[in-house]
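Trainee: The primary structure of each chain is shown beneath.
Protein chains: 2
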Amino acid sequence: MANTLCLSFAELVQALGPQIDAALVARTELGEGCPPRFREAMRYSLLAPGKRLRPMLVLLAAEACGGTIEAALPAACAVEMVHAYSLIHDDLPAMDNDDLRRGRPACHKAFDEALAILAGDALLTLAFEVLAGEVQPPAVAAACCAALAAAAGACNMVGGQADDMEAERGSGDRVQGSGFSGQESQIGTFSTEIPPSLEALESIHRRKTGAMIQVSLQLGAMVAGATAEQRAALDVYGRRIGLAFQITDDLLDVRSNQAAMGKQVGKDARRGKLTFPGLLGIEPSVQRAEQSIVAACQALASFGSQAEDLQTLARYILDRNH
Amino acid sequence: MANTLCLSFAELVQALGPQIDAALVARTELGEGCPPRFREAMRYSLLAPGKRLRPMLVLLAAEACGGTIEAALPAACAVEMVHAYSLIHDDLPAMDNDDLRRGRPACHKAFDEALAILAGDALLTLAFEVLAGEVQPPAVAAACCAALAAAAGACNMVGGQADDMEAERGSGDRVQGSGFSGQESQIGTFSTEIPPSLEALESIHRRKTGAMIQVSLQLGAMVAGATAEQRAALDVYGRRIGLAFQITDDLLDVRSNQAAMGKQVGKDARRGKLTFPGLLGIEPSVQRAEQSIVAACQALASFGSQAEDLQTLARYILDRNH
Chain L
1 MANTLCLSFA ELVQALGPQI DAALVARTEL GEGCPPRFRE AMRYSLLAPG KRLRPMLVLL
61 AAEACGGTIE AALPAACAVE MVHAYSLIHD DLPAMDNDDL RRGRPACHKA FDEALAILAG
121 DALLTLAFEV LAGEVQPPAV AAACCAALAA AAGACNMVGG QADDMEAERG SGDRVQGSGF
181 SGQESQIGTF STEIPPSLEA LESIHRRKTG AMIQVSLQLG AMVAGATAEQ RAALDVYGRR
241 IGLAFQITDD LLDVRSNQAA MGKQVGKDAR RGKLTFPGLL GIEPSVQRAE QSIVAACQAL
301 ASFGSQAEDL QTLARYILDR NH
Chain Y
1 MANTLCLSFA ELVQALGPQI DAALVARTEL GEGCPPRFRE AMRYSLLAPG KRLRPMLVLL
61 AAEACGGTIE AALPAACAVE MVHAYSLIHD DLPAMDNDDL RRGRPACHKA FDEALAILAG
121 DALLTLAFEV LAGEVQPPAV AAACCAALAA AAGACNMVGG QADDMEAERG SGDRVQGSGF
181 SGQESQIGTF STEIPPSLEA LESIHRRKTG AMIQVSLQLG AMVAGATAEQ RAALDVYGRR
241 IGLAFQITDD LLDVRSNQAA MGKQVGKDAR RGKLTFPGLL GIEPSVQRAE QSIVAACQAL
301 ASFGSQAEDL QTLARYILDR NH
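So the protein sequences, as listed, match chains L and Y. Mind the numbering: the first sequence is residues 1 to 322 in the working numbering, read in order. Mind the numbering: the second sequence is residues 1 to 322 in the working numbering, read in order.
Source of the hints: derived by calculation from the structure; they are not laboratory data. Quick reminder that beta carbons are idealized off the backbone N, C-alpha and C, glycines included. Hints may be right or wrong, so weigh each one.
Calculated from the model, a selection of chain Y residues having no Cβ within reach of chain L, i.e. all distances over 10 Å [claimed, not checked]:
no., residue
1, 6
2, 9
3, 11
4, 17
5, 23
6, 25
7, 100
8, 104
9, 121
10, 138
11, 156
12, 252
13, 286
14, 294
15, 302
Stretches of chain L that chain Y covers, calculated by requiring three or more beta carbons in the stretch to come under 8 Å of a beta carbon on chain Y [as the list claims (entries may be wrong)]:
no., segment
16, 25-38
17, 90-103
18, 118-130
19, 149-155
Only chain L is shown next, with the shape it has when bound in the complex:
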């Protein structure tokens, strides 16, 4: 997509979304041995309407490093499968107990809890089958599998989720009640006064959300045969947009209405869940997200126009907020 006209985020989604979805459909045919209703449950969640942010990061990182969309598609599918599995399991009654996801019944409501657990398991497993079996050369496939597993595993995504649940239960740092709006003036801006639990909050999100965003970029880079410098720059970019993404997600929970989000909103606050606006106040949270996006785009300087689409994607993350 780069090197042509500068596209808007909507145009990027329009250009890449259908390719990503077609690739996901092709990899979930699943033939003999897979019960039809089970495949349906996997596809129900995997193909639910969505922005496909993580697979787009894979494809755009590959492109920024001089690779092709086609070679990066298996890795793009793999990260979306891991993302879909994590949403299915997060929504379960024993976890976040969310009945709605992306405006539709969650997998365990549309099917049942057992099938939802297994569909999540199968999507996680399929991610590695696709990566290991399709990425070329095989040595890069192995490196991609190791990187994805590290990002999705106990020290990152799943560990972050476990910590998040602990925090919510009150054994760790948490914001009591729903009083985040009243804290704004007390706490001030983050640059002059950092509350002690901000570090815990960032640590949770760096693992729970950030690691998968960062590894999406790294997989794209690896498939494209990127240099160490390119990978380091994408790592900074990924860390920054990951933080901004989580802040805007928290802000959306505060600001949106249920119809627009397609999930029960204000729920984080009602649960007393640790959030950025809860800790910092709304305006400082907005500023923090904006600064992160500026830093993310600066990290891409050496790519020149090859990284224009990644810059567009970064700005979109902020725009979600308006």
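Please build the complex by placing chain Y on the supplied structure of chain L, with the hints as guidance.
Mentor: Positioned in the frame of chain L, the structure of chain Y alone reads:
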């Protein structure tokens, strides 16, 4: 172990068990980012006392093909991690709802349901991290990841479990009530009269249990650089011991008492779950298991004494029954 004296199964376990357990411990240190209680939940299930049958198959297959135990240990760890994850998720209230596993509280009872779901997810993910990151050369690592994912995924282990749950709910073939003992004389022996649901039962178990047994052998073979002939012979062996394993498992459910098994027995029958003794009767089931083990050992003929330990392991599967 081979090429020395012919060891008993107990001696094999004594020789290999501590190496396997030490390797599992080393790979679940998990450093920064992994919440301590979460690591504890993963280890609680992974290191629970057990025969380590699948990792032993990896190691003994590698040995039969001329490889070393040491090079096969990462793959041995990976299959045990997948096995442990599958047990954690199978025991969940929404699935088999078993409170006991290997004589101790199931993971969701010892910890809680959310942590059990996540611990299972993390063990599955760690299996691929270990395989992809440690098996050498990387091209073999990628092939191992693809093979393990196929065996554990939607068309095999997880799909078989999904089908098994459907069957249990009565939408597929099932044995009504607990009247399996009364069916023996009506059905006769399997060789002359095969009930229509036997095919369904074997299909479920070939995927649910058999695929992981077969891939354990294949991973050992791949790490050892086995020939196509060696791999084909191990595939026949694996298919046969897999069937025998499931039959003896069903028979144990009928015969054992709760103390000996460490889980609630007779439960399969009470649930009306499809079982071999339920379909064929007890004595024909025993015969079928014995014939499978004979065929498994015959498939190893070309390995000579290198496969003595695999033969011992096959005979142990039958002996579980006495």
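Trainee: Confirm or reject each hint.
Mentor: Each hint tested on the structure:
1. 6: 37 Å, holds
2. 9: 31 Å, holds
3. 11: Holds: least Cβ distance 34 Å, greater than 10 Å.
4. 17: Its Cβ never comes within 10 Å of chain L, the nearest being 24 Å, so this holds.
5. 23: 17 Å, holds
6. 25: Since the minimum Cβ distance to chain L is about 15 Å, residue 25 of chain Y lies beyond 10 Å and the statement holds.
7. 100: 19 Å, holds
8. 104: 20 Å, holds
9. 121: Residue 121 of chain Y not clear of chain L: closest Cβ-Cβ about 5 Å, inside 10 Å.
10. 138: Per Cβ check, residue 138 of chain Y is inside 10 Å of chain L; nearest 4 Å; violated.
11. 156: 6 Å, violated
12. 252: For residue 252 of chain Y, whose nearest Cβ neighbour in chain L is about 24 Å away, the distance exceeds 10 Å, so it holds.
13. 286: Given a closest Cβ separation of 28 Å, the condition holds.
14. 294: The claim holds: residue 294 of chain Y sits with its nearest Cβ about 27 Å from chain L, beyond 10 Å.
15. 302: 29 Å, holds
16. 25-38: holds (count 8)
17. 90-103: It holds, with 3 qualifying residues against the three required.
18. 118-130: It holds: at least three residues are needed, and the segment 118-130 of chain L offers 9 whose Cβ sits within less than 8 Å of chain Y.
19. 149-155: holds (count 6)
In summary, the numbered hints that this structure violates are 9, 10 and 11.
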